[in-house]
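Q: Here is how the chains run, residue by residue.
2 protein chains.
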Amino acid sequence: MTQPAFAAVDWGTTRLRAWLLGAEGAVVAERRSDEGLLAVERGRFAEVLEGHLAAMGAAPSLPVVICGMAGSRQGWVEAPYVATPARLADIFAAAIAVPGTSRDVRILPGVAQKDHARPDVMRGEETQLAGVVGLRGGDAIVCMPGTHSKWVELKDGAIARFSTWMTGELFSVLAQHSILRHAVGAEPAHVAADDPVFGAWLDDGLANPGDATSRLFRIRAATLLADLRPAAAAAALSGLLIGSEVASAKSQFGMAHARTILVASGPIGGLYAEALKRAGYPATSVDAETTVRRGLLEAARSNFAIDAGDKR
Amino acid sequence: MTQPAFAAVDWGTTRLRAWLLGAEGAVVAERRSDEGLLAVERGRFAEVLEGHLAAMGAAPSLPVVICGMAGSRQGWVEAPYVATPARLADIFAAAIAVPGTSRDVRILPGVAQKDHARPDVMRGEETQLAGVVGLRGGDAIVCMPGTHSKWVELKDGAIARFSTWMTGELFSVLAQHSILRHAVGAEPAHVAADDPVFGAWLDDGLANPGDATSRLFRIRAATLLADLRPAAAAAALSGLLIGSEVASAKSQFGMAHARTILVASGPIGGLYAEALKRAGYPATSVDAETTVRRGLLEAARSNFAIDAGDKR
Numbered sequence: 001m002t003q004p005a006f007a008a009v010d011w012g013t014t015r016l017r018a019w020l021l022g023a024e025g026a027v028v029a030e031r032r033s034d035e036g037l038l039a040v041e042r043g044r045f046a047e048v049l050e051g052h053l054a055a056m057g058a059a060p061s062l063p064v065v066i067c068g069m070a071g072s073r074q075g076w077v078e079a080p081y082v083a084t085p086a087r088l089a090d091i092f093a094a095a096i097a098v099p100g101t102s103r104d105v106r107i108l109p110g111v112a113q114k115d116h117a118r119p120d121v122m123r124g125e126e127t128q129l130a131g132v133v134g135l136r137g138g139d140a141i142v143c144m145p146g147t148h149s150k151w152v153e154l155k156d157g158a159i160a161r162f163s164t165w166m167t168g169e170l171f172s173v174l175a176q177h178s179i180l181r182h183a184v185g186a187e188p189a190h191v192a193a194d195d196p197v198f199g200a201w202l203d204d205g206l207a208n209p210g211d212a213t214s215r216l217f218r219i220r221a222a223t224l225l226a227d228l229r230p231a232a233a234a235a236a237l238s239g240l241l242i243g244s245e246v247a248s249a250k251s252q253f254g255m256a257h258a259r260t261i262l263v264a265s266g267p268i269g270g271l272y273a274e275a276l277k278r279a280g281y282p283a284t285s286v287d288a289e290t291t292v293r294r295g296l297l298e299a300a301r302s303n304f305a306i307d308a309g310d311k312r
Numbered sequence: 001m002t003q004p005a006f007a008a009v010d011w012g013t014t015r016l017r018a019w020l021l022g023a024e025g026a027v028v029a030e031r032r033s034d035e036g037l038l039a040v041e042r043g044r045f046a047e048v049l050e051g052h053l054a055a056m057g058a059a060p061s062l063p064v065v066i067c068g069m070a071g072s073r074q075g076w077v078e079a080p081y082v083a084t085p086a087r088l089a090d091i092f093a094a095a096i097a098v099p100g101t102s103r104d105v106r107i108l109p110g111v112a113q114k115d116h117a118r119p120d121v122m123r124g125e126e127t128q129l130a131g132v133v134g135l136r137g138g139d140a141i142v143c144m145p146g147t148h149s150k151w152v153e154l155k156d157g158a159i160a161r162f163s164t165w166m167t168g169e170l171f172s173v174l175a176q177h178s179i180l181r182h183a184v185g186a187e188p189a190h191v192a193a194d195d196p197v198f199g200a201w202l203d204d205g206l207a208n209p210g211d212a213t214s215r216l217f218r219i220r221a222a223t224l225l226a227d228l229r230p231a232a233a234a235a236a237l238s239g240l241l242i243g244s245e246v247a248s249a250k251s252q253f254g255m256a257h258a259r260t261i262l263v264a265s266g267p268i269g270g271l272y273a274e275a276l277k278r279a280g281y282p283a284t285s286v287d288a289e290t291t292v293r294r295g296l297l298e299a300a301r302s303n304f305a306i307d308a309g310d311k312r
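Same order as they appear, the protein sequences are chains A and B.
Under my numbering, the first residue of the first sequence is numbered 1, with each subsequent residue one higher.
Under my numbering, the first residue of the second sequence is numbered 1, with each subsequent residue one higher.
Honestly, I wouldn't trust all of these hints.
The list cannot tell twin chains apart, which means a pair is met if one copy fits it or any two copies do.
As the list claims (entries may be wrong) - Below, a list of computed lysine to aspartate or glutamate pairs in the EDC-like style, where the Cα atoms sit at most 20 Å apart: (1) Lys114 with Asp104; (2) Lys155 with Asp34; (3) Lys114 with Asp227; (4) Lys277 with Asp194; (5) Lys114 with Asp204; (6) Lys250 with Asp204; (7) Lys277 with Asp104; (8) Lys277 with Asp203.
The hints are simulated quantities; they were obtained by calculation from the structure and are not laboratory data.
Turn these sequences into a full structure, and let the hints steer you where they fit.
A: In structure tokens form, the structure reads like this:
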């Protein structure tokens with residue numbers, strides 16, 4: 001059986017995922033929890049981490065590498081942003097060692113685009129990017145959908161530029177707090193990529209991204225005038241927002257000749273794959289969770305003396 | 001002193017405004033309340049109305065005309081939508097007489113655009129439109145900003161087509177419920193039309209309406225990277241959303257040669273006047289409250305035997 005070489009943690013705003021990984025990245029143990037940044041009181045981060053490590057049977061000397069919001073100002077220890085253009089190797093080299101812990105715990109920094117006209121930030125996605133292309137990876141456009149979707153242009157192993165769309169959060173706040181809650185219902189339905197309503201509104205968003213805030217109200221009007229049902233309204237809202245994002249990203253990144261990689265897990269991956277296909281360029285899909293583990297392996301190799309022969 | 005010829009009520013989702021008006025529209029008495037649709041239990045509409053009429057000293061025989069959400073399915077008595085193209089005179093002729101009341105109470109219908117590709121609805125704005133151009137008014141594009149901004153193309157006294165932007169509601173739900181609440185703060189600042197931050201983001205929204213859902217996140221990023229303060233963040237959000245609306249409306253309505261009229265009250269009127277000016281066409285501004293009263297006068301004349309000589 002593989003011996004763990006280090007622990008890897010993806011510590012986000014609402015969730016924590018932890019693994020014990022072998023020197024080649026094999027998963028030895030795994031934990032998932034809702035103890036994200038918002039749920040952990042200041043001063044309790046070490047305790048929460050040690051609880052998960054103990055549950056996985058990690059040795060006291062096992063080193064830990066962490067990516068995500070745990071490194072934000074509101075997190076455990078701030079790992080200041082690395083500025084674009086940011087080489088993935090330089091990001092990992094800027095990891096912060098958490099002081100006052102008995103084991104070696106490193107928190108990875110996020111990336112900031114300090115361009116006055118297009119300020120932007122990421123935390124966690126930089127690690128996924130390393131999992132997608134490796135530290136010396138070539139050129140690609142990477143689409144990472146989610147609460148705050150990121151699109152990233154990678155050049156020669158560096159994050160050249162990136163942009164964020166609030167697509168997932170817009171869906172959520174509109175479905176819960178706007179007049180569209182009457183259309184979508186209290187528990188928005190699961191949306192399928194082959195749902196023709198999703199497809200029709202996706203095409204609409206792709207063709208008319210500048211009209212998105214107007215087309216939103218048509219979902220409400222269609223429930224009054226055309227008896228649009230809640231499941232269809234959820235599909236319409238999803239299609240419209242994803243279509244608008246992809247059209248806008250296409251205009252910002254001009255992906256015609258680039259290799260495009262879609263990083264997503266679960267149903268959202270299917271929705272974006274459909275959107276990218278309809279937008280006229282095929283993307284290679286990779287699993288987001290596998291990708292973050294691979295990125296954390298790259299980060300561990302950059303920070304600790306880990307190699308295939310290491311059997312701690 | 002002018003004698004009241006009828007009572008006029010603008011009964012919306014969150015507010016009620018009532019007036020006693022003379023036969024020529026002079027204001028004899030006035031009431032404002034938060035007893036909008038959402039605050040009035042079913043079965044209590046007559047009681048609430050009579051309370052306000054009594055407080056203004058209205059005679060028991062005085063007729064009442066009502067516009068707004070009181071005529072929706074969730075309201076007092078449903079006044080079914082009139083379909084576009086909708087002549088203003090035909091809308092008023094379709095008023096519903098409330099059954100079981102001792103006085104003559106009429107509720108005005110809303111307007112529906114039953115176009116499969118662009119379904120839309122309005123309730124209340126049709127009455128303001130009559131106040132803007134009269135029942136025989138000519139051609140105009142009318143911009144009516146608010147929670148759900150309406151843009152309307154009027155042709156020969158009829159509503160030819162219209163479209164809705166959720167601008168005001170987007171500002172509100174994003175400022176209260178999204179990650180932008182950290183940027184904007186708990187009590188979003190009043191935004192001034194000559195604020196340079198408002199102007200810069202307005203220009204951005206006008207130039208790039210298709211990127212709106214991406215640019216939203218830049219407001220958050222600018223608070224982290226450029227120390228954007230809450231008042232400036234509110235100005236940025238307002239500018240971005242209004243700019244996106246006006247650019248989108250311009251592409252839908254192509255207003256180059258039309259007479260454009262802006263119907264608004266209070267600070268929002270100044271923000272939209274600035275947006276219309278920067279979008280390249282000047283608009284005549286009229287006060288929204290005066291306009292709804294004028295429209296209700298037109299509606300009363302269509303429904304009751306009211307003329308200048310009537311001194312009931």
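Q: Taking the hints in turn, state whether each one holds.
A: Comparing the hints with the structure gives:
no.: 1; hint: Lys114 with Asp104; result: neither (31 Å within a copy, 65 Å between copies)
no.: 2; hint: Lys155 with Asp34; result: neither (35 Å within a copy, 57 Å between copies)
no.: 3; hint: Lys114 with Asp227; result: between (47 Å within a copy, 12 Å between copies)
no.: 4; hint: Lys277 with Asp194; result: within (12 Å within a copy, 44 Å between copies)
no.: 5; hint: Lys114 with Asp204; result: between (33 Å within a copy, 18 Å between copies)
no.: 6; hint: Lys250 with Asp204; result: both (15 Å within a copy, 18 Å between copies)
no.: 7; hint: Lys277 with Asp104; result: neither (44 Å within a copy, 60 Å between copies)
no.: 8; hint: Lys277 with Asp203; result: within (11 Å within a copy, 32 Å between copies)
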